[in-house]
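S.K.: Please build the complete structure, drawing on both the sequences and the hints.
Listed below, chain by chain, are the residues.
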Amino acid sequence: MSTEYSNKTLEKESNAAGLQIVKESEEDRLMTLSVGPQHPGSGHFRFTVKVDGDYIVHCDPDPGYVHRGEEKMCEYRNFIQNIPHLERPVIHDSNNITYSYSLAVEELTNIQVPRRGQFIRAIASELNRQVYTLYWLAIYGIFLGHSTMFMWPTGDRELFIDLLEMLTGARVTHAFNIPGGVRNDMPVGFSEKCLRQIAYFEKRLVEYENIFYNNPLMRQRTEGVGLLTKEEAIKLGVTGSVLRASNIPYDIRKAEPYDVYNEIDFKVQYMKSSDCFARAYVPFLDMKESCYIMRQLLDKIPQSGEVRAKLQPNPKGPAGESYRRVESGRGALGYYIISDGTPKPYRVKISVGSFRNMLALPYLLVGSKLADMPSIYWALNYWPVEADR
Amino acid sequence: MASRGSRIVEYRFGNFVASLIWLILIVLIIVSLAALPVIFIILFYLPLPPVNGQVLTPYLFLSMMVDPTRTLPVLKFIMHTELFRVAVFPGFSYAAIFAAVTIFVERKFLAKMQLRVGPLYAGKIEGIFQLIADGLKLISKEIIIPSGADKPIFWAAPIAFVAAAAALISLIPVAPGWVVSNTDVGLVAAFAILGFFPLIALLFSWASNSKYPFIGGLRALHQMIAFEIPFILSALSVVILSGSLNLTHIAASQTPYWYIFFLPISAFVFFISSLAELERIPFDLPEAESEIVAGWLTETSGMIYGLLQLGTYIKLYALAALFVTLFLGGWAGPQIFPQVLGPPGQISPLMQLLTLRPIYNAVTVNAVFWFSIKTFGIIMLMLLPRGINPRIRIDILLHTGWYKLIVLSFINMFIALALVYGGVFGPGGILTPH
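As they're listed, the protein sequences go chains Y and Z. The C-terminal residue of the first sequence carries number 388 in numbering that gives the first Met the number 0, and the numbering is unbroken. The C-terminal residue of the second sequence carries number 433 in numbering that gives the first Met the number 0, and the numbering is unbroken.
It is possible that some hints are incorrect.
Derived DSSO-like pairs: lysine-lysine, alpha-carbon spacing no greater than 30 Å straight-line [said to hold, decoys possible]: (1) Z:Lys-403 to Y:Lys-368; (2) Y:Lys-192 to Y:Lys-287; (3) Y:Lys-71 to Y:Lys-368; (4) Y:Lys-202 to Z:Lys-111; (5) Y:Lys-49 to Z:Lys-150; (6) Y:Lys-287 to Y:Lys-202; (7) Z:Lys-111 to Y:Lys-192; (8) Z:Lys-107 to Y:Lys-202; (9) Y:Lys-368 to Z:Lys-210; (10) Y:Lys-368 to Y:Lys-253; (11) Y:Lys-287 to Z:Lys-111; (12) Y:Lys-49 to Z:Lys-210.
Some chain Y residues flagged as far from chain Z (calculated, every beta-carbon gap over 10 Å) [what the hints assert, rightly or not]: (13) Arg-28; (14) Arg-76; (15) Glu-106; (16) Gln-111; (17) Tyr-134; (18) Glu-191; (19) Phe-265; (20) Gly-333; (21) Lys-348.
For the record, the hints were derived by calculation from the structure and aren't laboratory data. All C-beta atoms in this analysis are idealised placements derived from N, C-alpha and C, irrespective of residue type, glycine included.
M.R.: Given below as structure tokens:
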């Protein structure tokens, strides 16, 4: 009452004196915070948020800090030369990002992949999905302030990196998938080692669940935060674990089975709660399911045979276009390639899951608390480098 | 044979010992040639206290330093000065050593939990000198002050932080009679000093002239005020049982039965609140890295950061020691040290020196031993949540502080009142020590 009174008197007096009062607007209460690209909670990405007290009222994503022009670079190289630079956007998931490229080029040039090659591709893809998801989980842990959950997955990631090194010869960037199959065959003793590592890793997954997902403080922080309903998820076009966390069991491996995935028995993991916890938990369930898939793949693989179809020195197909996609660690990852009949593609368009998931960020952040920002952001399974391409 | 690159790899323990012996030799030469004359000159002008009924002349003092049997009385005299209490034991140096050990143990302990090795190279043995290396690094770094910062406060706040933490340890009784300031309002004084910390955090964050420190400072203020009340209330039930605010008296009054057996809920509330006061995980919101960079420490650099860290760890020791004093009986514990070291009766001068005969006090040594063991145990418990918990959110934190913990501490306060009115504690109670 007293402040109102004094404000009114002030207004009267200043009107009498011929002064104009500038009133406080809503905007004056807001504080603009710049998150990234040099912020421990952003990665190679920047978004500005406006906060009113502890609540975020506006979010403006600003990607593009790591744009490399991958799509344009593709037009100057032939189909085989394109592989090593195409895996740069997601070096942690390099087998999946070259998988769909190889599929699209095979469709253009009409190459049949030998059966053993298809299996090795799928094994490498599943191993790499584990590597990516563990890296993602480690960062999710440290974003919530859980330092043990940062160290454990980064340590266990070495299991799969060692396996991939044994299989492909490189630790992170493999350039393993090529149109027509894979670069080289499985070494002797690989499948025994792989089964051993999987058995150990499944034990570790139980410990992850105990220390992180069943932690009451973690549940308090993530349950009911950043709700993305089924309808909104479809409207925004999110994909991968974010889509599956919003009660939509959609997986490219099941919906459009490629190579050997129609022979594999697995369930599409999804959750109904549609919140941050579900988005954090679905990749974990995927890791469990991936172990199951890998066991089957190692069981069903033909013991001998070619792994790579014979290719022309500079493979080229008839003029035409193709679109193939795979399920990567972050969701649907598709390549749209137009060929004009030359050994170089006319146009390559990469459709990545990260960018589509990032579009949901402003919708989820507005109205949430500042403390939930890292949790919501990283649960979107977003990899900035891949989104910028 | 040894190329430049392989010098570090070819480490021999013999070389290490040889370098140590060289170092000792050089120190001895410097002491005899330079330090002794300087001491002699200084001592000539100082009024020295009488020891053992003899007036100390500089010559006598020097002969005492050389004669081992005469050194101990001098040491005994020094140990009973005020300066020794404030600067060495139970004052700043004791707490600083505790802080250093805590930092090292925290790193190795956390590393073992997280399946890694922790500090490894500095100091050859398990990275034991990593802290010294870090300290040297922090000292040698440039201190950057943001433009537009409030410079006097920016400089004063870290020093005030360490000073407040050091003021807190002056109230802690480590052994019977071994306390810097034995005041009758010890507990109230401790809470009064704890009230300074949010003020310092807020002042520093305001003086930084930056957004992230400002948010961090406000969070620190919210958090510390929310947990101050359960903190005080949980200590109040101890006051009800002991009938005193004097920390020495509180520690002495629980010689047979520790208060944690009667006040487990209060002890729990006190523990949680001290975690929040210390800004340790899961309550490290003021320094939440992924949200607000480093919170109110964002603009710190070099030794300003070093001082704030030193203050934080001294505060950690002080709060753990306060927990031990209030709930775990302070220095109480079975007598495990013998009354005199070595054979009883007359012994040779050298043996007198070796057994520290004039300054050894079995009760004090025993008290310090038990106090240190308990305090270190509590510190280890305080380190544990960092390995297993994520950070909690500010609204959950405030809800916990204002609602749950206050209710819990009231419950135990009623239990304490019932114990006093039931004649168990209080004047003439069954368990009151006589």
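S.K.: Beyond 10 Å from every chain Z Cβ: check whether that's true for Gln-111 (chain Y).
M.R.: holds, 45 Å
S.K.: Run the distance test for Lys-107 (chain Z) versus Lys-202 (chain Y): straight-line Cα separation, threshold 30 Å.
M.R.: holds, 25 Å
S.K.: Run the distance test for Lys-71 (chain Y) versus Lys-368 (chain Y): straight-line Cα separation, threshold 30 Å.
M.R.: violated, 40 Å
S.K.: Quickly compare the C-alpha distance for Lys-287 (chain Y) and Lys-202 (chain Y) to 30 Å and report which way the hint goes.
M.R.: holds, 10 Å
S.K.: Could you let me know if the closest chain Z CB is still more than 10 Å away from the CB of Gly-333 (chain Y)?
M.R.: holds, 31 Å
S.K.: Given the hint that Lys-192 (chain Y) pairs with Lys-287 (chain Y), does the C-alpha gap stay at or below 30 Å?
M.R.: Judged against 30 Å, a Cα distance of about 18 Å means the pair holds.
S.K.: Taking the closest pair, is the beta carbon of Arg-28 (chain Y) still more than 10 Å from chain Z?
M.R.: holds, 14 Å
S.K.: Using Cβ atoms and 10 Å as the threshold, tell me whether Phe-265 (chain Y) really stays out of contact range of chain Z.
M.R.: With a cut-off of 10 Å, Phe-265 (chain Y) remains clear of chain Z, as the shortest Cβ separation is near 30 Å.
S.K.: Given the hinted pair Lys-111 (chain Z) and Lys-192 (chain Y), is their alpha-carbon gap at most 30 Å?
M.R.: holds, 26 Å
S.K.: Would the least Cβ to Cβ distance between Glu-191 (chain Y) and chain Z come out above 10 Å?
M.R.: holds, 24 Å
S.K.: Could you check that no beta carbon of chain Z comes within 10 Å of the beta carbon of Glu-106 (chain Y)?
M.R.: At about 42 Å from chain Z, Glu-106 (chain Y) clears the 10 Å cut-off, so the statement holds.
S.K.: Mind checking the alpha carbons of Lys-202 (chain Y) and Lys-111 (chain Z) for me, to see if they're no more than 30 Å apart?
M.R.: With a Cα-Cα distance of about 19 Å, the restraint between Lys-202 (chain Y) and Lys-111 (chain Z) holds, given a limit of 30 Å.
Against the hints set out earlier in the document, violations occur for numbers 3, 10.
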